[in-house]
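The task is simple: from the sequences and hints, build the whole structure.
First to last, the sequence lines map onto chains R and Z. Position 167, counted from 1, in the first sequence is what the numbering used here calls 688; the numbers after and before it change by one each time, with no gaps. Position 260, counted from 1, in the second sequence is what the numbering used here calls 341; the numbers after and before it change by one each time, with no gaps.
Where hints are given, some of them may not hold.
[Claimed, not checked] Partial pick of chain Z residues on the chain R-facing surface, computed with a CB cut under 7 Å:
1. Ile128
2. Pro145
3. Cys147
4. Gly160
5. Tyr186
The hints are simulated quantities; they were obtained by calculation from the structure and are not laboratory data. Since this is a predicted model, take the numbers as computed values, not measurements. Heads up, the beta-carbon is just placed ideally off N, CA and C, and yes, glycines get one too.
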Amino acid sequence: MASTKRLQAPLSDEDVKKLKIGDKVLLNGVILTGRDAAHKRLVELIEAGKDLPVDITGQIIYYVGPSPAKPGKPIGSAGPTTSYRMDPYAPILIAQGLKGMIGKGPRGEGVVEAMKRYGAVYFGAVGGAAALIARAIKKAEVVAYEDLGPEAIRRLEVEDLPVIVAQDAHGGDLFREGVEQYRRE
Amino acid sequence: MREVQAHQITDVVKDLCMDANYDLGQDVVDTLKRSLEKEESPTGKEILEMILENAAIAREERLPICQDTGFAVLFVELGQDVHIVGGEFEEAINEGVRQGYSQGYLRKSIVDDPVLDRKNTSDNTPAVIHTRVVPGERIRIVFAPKGGGSENMSEVKMMKAADGIEGVKDFVVDKVMRSGGNPCPPVVVGIGIGGTFEKVAMLAKQALLRPLGQRHPDARFAAVEEEILERANKLGIGPMGLGGRVSVLDVHVEVFPCHIASMPVAVNMQCHAARHKEAVI
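Given below as structure tokens:
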């Protein structure tokens with residue numbers, strides 16, 4: 522039975538193991554952001570054996586390119602981008618210690634295998650509920666790749682960011698199960 | 082002959098950029114509300130509630146509905162008795178986009194080169210502008226910002242006449258299925274049939290401009306729209322692809338005459354943030 526849990530980032534291995542698909546989570550603490558362009562750079566550094574501009578060990582990355590912040594606000598609208606574009610890169614980051622990802626849409630086999638092998642979880646956020654989600658983001662600052670503009674790596678402080686466990690560390694897949702449950706011939 | 086100043090075009094486009102991104106059309110909101118009643122998945126219902134709450138917040142606080150404030154796509158009907166002065170037509174539109182995306186705190190999502198450098202142009206230009214010259218002395222501008230996620234799930238298929246309408250329906254339903262959660266369902270499906278390779282894609286995008294709930298004037302195509310809508314909503318994709326009864330908000334078909342050897346078909350996928358506003362100068 523799916524439940525709502527309030528969780529503190531960064532996630533422990535324990536936290537990750539306990540999460541099952543369908544669990545509703547309110548995330549608190551610090552998370553990072555990044556999309557394809559940033560992922561490409563990070564993976565190039567990893568493959569060259571170089572240091573990363575941010576420490577991703579134990580972290581959660583939110584796949585988001587926010588709109589600019591209005592004066593007095595920490596961030597603009599900030600809903601998830603489509604995750605499959607990060608599929609080529611995610612397994613490498615997970616092997617380096619990334620514990621969680623937030624995005625939208627299903628992840629491919631390579632990512633699922635890495636999640637199972639290293640213990641990582643994939644959360645779904647509601648695409649297009651970007652102004653609502655932004656209310657949960659209390660602070661935002663660029664910590665790497667400022668030249669990428671909306672695609673820069675940001676450090677976010679979040680309070681009760683609403684997400685759902687879409688694919689868990691045990692191979693569970695809410696996309697697959699949900700469709701099977703509601704499909705009609 | 083009627084003179085229109087280029088800056089008038091810029092001003093109108095600037096306002097359209099912001100309005101379209103903050104204010105979700107009433108037809109979309111109403112369809113989402115009806116979908117909430119139809120949806121049986123608890124998760125699906127929650128997602129639809131969040132989408133509706135988001136639309137209200139965005140409208141009241143003048144914030145982007147979605148952080149992907151889209152590629153600036155404009156459809157212009159330019160009256161043939163209009164004389165534009167004080168600047169160039171397309172530059173006036175691009176300046177309007179530049180100003181709207183800056184003043185409106187909208188995201189700059191365009192890169193100059195698509196494959197080699199991909200460097201952000203920093204002002205969300207260039208816009209994609211489709212202009213038709215029509216009788217009269219007005220300028221009608223439709224602004225329809227298009228997000229990348231749903232656009233990426235679109236497809237053109239050069240089918241053959243022998244595939245028939247059944248082939249078209251199968252292609253579209255299969256496309257919705259293969260897209261799954263990626264285009265942010267529940268989606269609006271724009272379908273083009275006929276024309277040429279590039280024309281059919283245009284038809285599919287123009288199909289997305291029709292208000293939700295409005296059927297094609299030709300009863301035969303209205304029936305096609307209804308059938309695809311029904312079949313697609315049996316796929317079980319649901320809001321955000323996490324399972325549910327509501328996967329598609331509406332289906333619109335646009336058709337055009339066609340070559341005897343061809344049957345081009347296009348699907349332009351649109352997410353639930355189906356944004357478009359228009360103004361007349």
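Hint by hint, here is what the structure shows:
no.	hint	verdict
1	Ile128	5 Å, holds
2	Pro145	4 Å, holds
3	Cys147	5 Å, holds
4	Gly160	34 Å, violated
5	Tyr186	5 Å, holds
Violated hints amount to a single one, hint 4; each of the other numbered hints is respected by the structure.
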